[in-house]
Structure formats: structure tokens, C-alpha cells
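Undergrad: If you want the building blocks of each chain, they are given just below.
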Amino acid sequence: MWAFRVVIVFAAAIILAAGAFFFLAWRSEIPEEAAAAEAAFAPELVAKGAQLAALGNCIACHTVPGKPAFSGGLALPTPFGTIYSTNITPDRETGIGGWSEEAFQRAMNEGVDREGDHLYPAFPYDHFTRVSAEDNRALYAFLMTRAAVKAEAPQNDLQFPLTYRPLLAAWKLAFFDRGALEPDTSQSEAWTRGRYLVEGLGHCGACHTPRNAFGAEDRDQYFGGGEAEGWQAYAINKDSKAPIPWDEQSLAFYLRNGWHEFHGVSRGPMAEVTGNLSGLPDSDIMAIATYITSIMGDPTPERGQRAAQLRETFEGDYLEQAADSQSSPVSASGGSPGEAIYLAACASCHEGQRRQPFGGLNFNLSTAVNAPNPQNIVNVVLFGLPPADGEASAVMPAFRHLLSDQQVADVLAYMRERFSEEQPWAGLVELIANTRSGAHKVTIRPSDGIERAPHNVGAEEG
Amino acid sequence: MSISLIVNGSPHQVDADPATPLLYVLRDDLALNGAKYGCGLGQCGSCTVVVDGEAVLSCMVPVMLLEGREITTIEGLGTIDEPGPLQQAFIELQAAQCGYCIPGMMMSAHALLRRNARPSDAEIREALATNLCRCGTHMRILAAIRRAGELMQAASLPEPEEGRAG
Ligand code: FES
Ligand code: FES
Chain P
1 MWAFRVVIVF
11 AAAIILAAGA
21 FFFLAWRSEI
31 PEEAAAAEAA
41 FAPELVAKGA
51 QLAALGNCIA
61 CHTVPGKPAF
71 SGGLALPTPF
81 GTIYSTNITP
91 DRETGIGGWS
101 EEAFQRAMNE
111 GVDREGDHLY
121 PAFPYDHFTR
131 VSAEDNRALY
141 AFLMTRAAVK
151 AEAPQNDLQF
161 PLTYRPLLAA
171 WKLAFFDRGA
181 LEPDTSQSEA
191 WTRGRYLVEG
201 LGHCGACHTP
211 RNAFGAEDRD
221 QYFGGGEAEG
231 WQAYAINKDS
241 KAPIPWDEQS
251 LAFYLRNGWH
261 EFHGVSRGPM
271 AEVTGNLSGL
281 PDSDIMAIAT
291 YITSIMGDPT
301 PERGQRAAQL
311 RETFEGDYLE
321 QAADSQSSPV
331 SASGGSPGEA
341 IYLAACASCH
351 EGQRRQPFGG
361 LNFNLSTAVN
371 APNPQNIVNV
381 VLFGLPPADG
391 EASAVMPAFR
401 HLLSDQQVAD
411 VLAYMRERFS
421 EEQPWAGLVE
431 LIANTRSGAH
441 KVTIRPSDGI
451 ERAPHNVGAE
461 EG
Chain D
463 MSISLIVNGS
473 PHQVDADPAT
483 PLLYVLRDDL
493 ALNGAKYGCG
503 LGQCGSCTVV
513 VDGEAVLSCM
523 VPVMLLEGRE
533 ITTIEGLGTI
543 DEPGPLQQAF
553 IELQAAQCGY
563 CIPGMMMSAH
573 ALLRRNARPS
583 DAEIREALAT
593 NLCRCGTHMR
603 ILAAIRRAGE
613 LMQAASLPEP
623 EEGRAG
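As they're listed, the protein sequences go chains P and D.
With the first letter of the first sequence counted as 1, position 210 gets the number 210 in my numbering; the numbers rise by one all the way through.
With the first letter of the second sequence counted as 1, position 163 gets the number 625 in my numbering; the numbers rise by one all the way through.
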């Protein structure tokens, strides 16, 4: 009898919990709006939406390189399996052509699609939930006025039970903080604007913050450095390894131009980000710089001192005083094998006379050499920086056909020792081999940000 | 220091500082003047040669990395009397103006055509992205490379057997 009662109570509890969960997880379908794709929008609204879409970098995930823009289908590898991005062109059957503005607003705000299914957080609604209704309206206007493309994304390839979307309600309960940010009245207008752009559409944290076991951003290591498309997204908080710390001016310049004389050029996925940001007004770029540098904080006194020395060395016209490296190849006598290769193959540009962004960055200024993980230097040495199409750009030759794994490792070990005070990197040869073989997948982009790997010459604008 | 190099199939022994760029050794020691010095900084492509099947910028490569590796220069693609398919195609289509960039263009194209005899225009543009031409003969270069692909394919097709009908 007693046991029976326990069973009843237990069963009731389960039913209740299931009911509660169902209630929590359930979202209604928003009816299709047949005319949504035919709606007309004010041109200013569409133009504003274009700018916002560039800030959100929507095209990066929602386009397969070489295929029509926003038509989805790009594979996004995650630790839980592969997710394919959706078609967000206004095609009625395969895209969002039947979505009302309400459905779009809800997707951005809650991470739920028109049918009422929870979306995987690969779609960064943990950030997009901060976006204002007004900005979402402009984004909607922009997307609904793109060319409709019929393209069905492949089925996601996820481990069970993650294929069961209502479970995402539990994820949201644990990790999703919905809605706009609380205003902080102690801060300047620029800071507030910067925070809105960075935390919202810009979703900088999606790459620059490490993720926990559930794939959510680890708030305790906010902006502490993450990963994107086979590249390290550097720490952009107090742990930034930039030898000359970023300040508002240098960061704004970098975001505006894609390079800075003390920091080098943006590359990998960041090249696409800086490329896209070109549509934003200066005031917004400055606001982003204001906010991010406030997170980085002031450098420690030692770091500040070292930076002052570096500035003195590398500011102004130091290049004019340097010897003419072009006519006098250095000699590689003595030293380690890594040193010999560095001096013969790297130094002519990286200690040469050309200015940023066309010359090689002097490694005394390099964040990459000081980074905890050598992946970015490995990527650049093996694959180089391909030139941009139709404009002057930074370029570096690829060395994968010339250097063995061991030789690359030797060069990197030498550079780490000479240009950084950090511990030597461990496991270099293996990491290089995996990067070369593609076991570690890397996206290669030229400095205009258009993906170029391996047989692609850029997405068509739709 | 003495270094052994294999260039266009023949072994060479050269006496050079191991840090010397391959381009200097080719031109100064081996009198192979096809590869050109444009910038010396890996930015123009006029010095492109092929190493083990891949296009590389010879101004950037110290000879110490090349012991025992197969180096091909434009001189290895054919002779004046017997031009190879790439050279023949460039002549046929008059793809050179001043010609300074052309050896590099051809070597990048050579590496591409070895792995892909029928490249699309997009693939040709991609493979030649690191080769600059100041004269602006790009459209003819593209056409010549397509033509070279055809010539190579035609050459590798089995000859029709004689004496048999149909
Ligand atoms: S001379 Fe080698 S790339 Fe210009
Ligand atoms: S033909 Fe003159 S540089 Fe190309």
C-alpha cells in the first residue's frame, strides 16, 4: 500500500513536471502571412536594415560561399554535431517569405521560429534579444526585400537527444537572459551606444567569449577569448595580449580600416567583421571602441611601461631609419634551425621597410606571438593571407608547400622565445599537422573578408 | 655552403649562403633568367616557380629549404623550337605585352593545370590572384590558360589508331 502511494506521488510529480515543462517549452505558431514577401518598405528603412545586417554579420553564417547571399545551408560545426544555417531570403517555401514582422521580431527576441519551434543558440539570440524592435523592423525590411532564393538547407546532424527541440527550453531557462539591457545611467552616451551594438547585433561575445559544456557563453570569462572557424578570437578583456594595449583611438581605427600600425591586419573571420563594419557611421565605430576598451580596462603599470618603450621604437618614422632590407638578404649563419628559417624567410618583410598594412607586422607588436594558443600564426604561416579582389590589400604568401610540420614548429618556437615573455607553446608539431591535414578545419579569408577556401571566390550579393 | 638543387630535372650543385632566395640562385648562378625580380617581397608573383608541383614565390624562399626538391622554372616548360602547351597558347593568343609578368603567370597556371586541366575562370583567377600584370593583359592571359588546358588535354588523348575504320 505504502509503495503504491509512493508510485502514485512519483507519477503525479512526473506528470506535473512534464506539464510544466511543456507549458514552458510550448510556443504558438504564428500564421503564415501570404503577402509578407510582397510588402513594400520605405527605402530609408531598407538602407538602415542593410547597415544593421552588416553589423550583425548575418551573411557570414547564412550564406554558403559562392552561393547566393542569405540563402543559408552553411555547415556550422559545433561540439554537439553540425547545424546548417537557414535560408533567410523571402522565399515562401524554403526561406522566410511567409514570416510576418511579428514572427521575425519573436525569432530575434526569443529564439523561436515562425512555427513555434525553439531555435538552436548557434543563432545568437542570446545577443539578438537585446536588439530594439525598431532595429528589428529595419532588418526585417532589408531581408524581405532581398531576392527570394529557393534553397533548402540540409538536415541538421545532431546527437540525440538534442534533435528534440523542446529541450532547448531548458537551455534557455539556464542560460538565456531575455530582453533589453538595463540602462546604466552612470555611463556616457557613447558607452551606452557601444554596449548596445556590441552586446546586441554585433554579438562580439559569440566568438570572443569561451563557451561552457552546454555551448553557452561562459559569463565568468566574459570576452576572455574564444574560437571561430578554426581561428582563435583573442581575449578582449583585461587578458588581452596586445603588446601595446588597445585604446579607443587605435581600436576605432582598426575596426574602421581593418588594420592598425601597432596591431597588424584583421584576418580570418575578423576580416569579414571589419569589412562589414565599413557600412557603419564613425560615431558607431567609436562607440564600440569606447565600450570594448572600458572592458579591457587600464593596463597594469608594467604592461604600460613596456608599451611605452615599444611605442617609442615603433612610432613615427622608424622605418625610414631601418636598413634597406630589400637589397641585402640577411645571412642565416649559426642559431637554431627555426632562427635560420625565420631570418631567411620571414625577416625580410616582418623586419622590413614597408608600413602596415602592406608590410609584415614586426613581431614585437604581435598579439598572435603572445597568445596562449598558437593557432592563428599556424594558420597564417601555412595558408598565408590571400589578396583581396580588385583593391590593394595586405598579402602574405602561404608556406605550406615549403615548410614541413617540424620546420614550422621550429620557426614558431624561435619567434615565441624571441618576441614574447610567455611560456613556450606545447604540442606544436601535432597542431600544425592537424591544421595542414584539415583535421582542424580553418576558413581562409583575404583581407576584404570574402571567404576563399578552398575553391571559392566569394558569395554573390543577392 | 654547397647546396644541391634539382632544377628542370637536372641536378645542380651551387655554392651559396643558405639564406639566399632561390630567385637569386636561379638567375645569378644557374643563368635561368626566366623567373623575374619584381618586388622581392612576395607581392607581385613575377618570380613564381613550381616546387614539387606547387607554385611558390622564389624571391621568398631561401635555398636551404629546397635540398632535394623538384624545382620547375619557365625554361622547363619547353624551348623556343619546341614550346610547351602553355607557351604555345600564350604565343597563339598573344597574351604578353611587355612580358615581365608572363613567366610567373605561366608557372602559376602550370601548377593549376597539373591538378585541374579544365579550370573555370573563377579557378584561374583564384590561382593567379598573387600574380600582378602592370600592362593589363589579363583577359588574354585567361584565354591563353584556357587554351593551354585544351592543348594539354588534346595531347594526352590517345592517338586515333591507323588502319582501322570507324
Ligand atoms: S619578385 Fe617575388 S613576388 Fe615579386
Ligand atoms: S605583360 Fe607587362 S606586366 Fe604583364
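It cannot be assumed that every hint is accurate.
To be verified - Residues from chain P that face chain D, not an exhaustive set, calculated with beta carbons under 7 Å:
(1) Ala345
(2) Cys346
(3) Ala347
(4) Leu382
(5) Pro387
(6) Gly390
(7) Pro397
(8) His401
Just so you know, these hints were derived from the structure itself, not from any lab.
The structure displayed is predicted, hence computed values, not measured ones.
Just so you know, even glycine gets a beta-carbon here, dropped at the ideal spot from N, CA and C.
Undergrad: Does each hint hold? Answer for all of them.
TA: Taking the hints in turn, this is what the structure says about them:
1. Interface hint at alanine 345 of chain P: satisfied, since its Cβ lies 6 Å from the closest Cβ of chain D, which is below the 7 Å cut-off.
2. Among the interface hints, the one on cysteine 346 of chain P is violated; its C-beta lies about 9 Å from the nearest C-beta in chain D, farther than the 7 Å criterion.
3. Against a cut-off of 7 Å between C-beta atoms, the interface hint on alanine 347 of chain P is violated, since the closest Cβ of chain D lies about 9 Å away.
4. Interface hint status for leucine 382 of chain P: violated, as the beta-carbon distance to the closest one in chain D is roughly 12 Å, over 7 Å.
5. With 7 Å as the threshold, the beta carbon of proline 387 of chain P comes within range of chain D, its nearest partner Cβ sitting at about 5 Å, so the hint holds.
6. At a threshold of 7 Å, the smallest CB-CB gap from glycine 390 of chain P to chain D is about 11 Å, leaving the interface hint violated.
7. At its closest, the beta carbon of proline 397 of chain P sits 4 Å from a beta carbon of chain D; the interface hint therefore holds under the 7 Å criterion.
8. Satisfaction of the interface hint for histidine 401 of chain P is found here, the shortest Cβ-Cβ separation to chain D being roughly 4 Å, below the 7 Å cut-off.
Going down the numbered hints, you'll see the structure goes against 2, 3, 4, 6, while the others check out.
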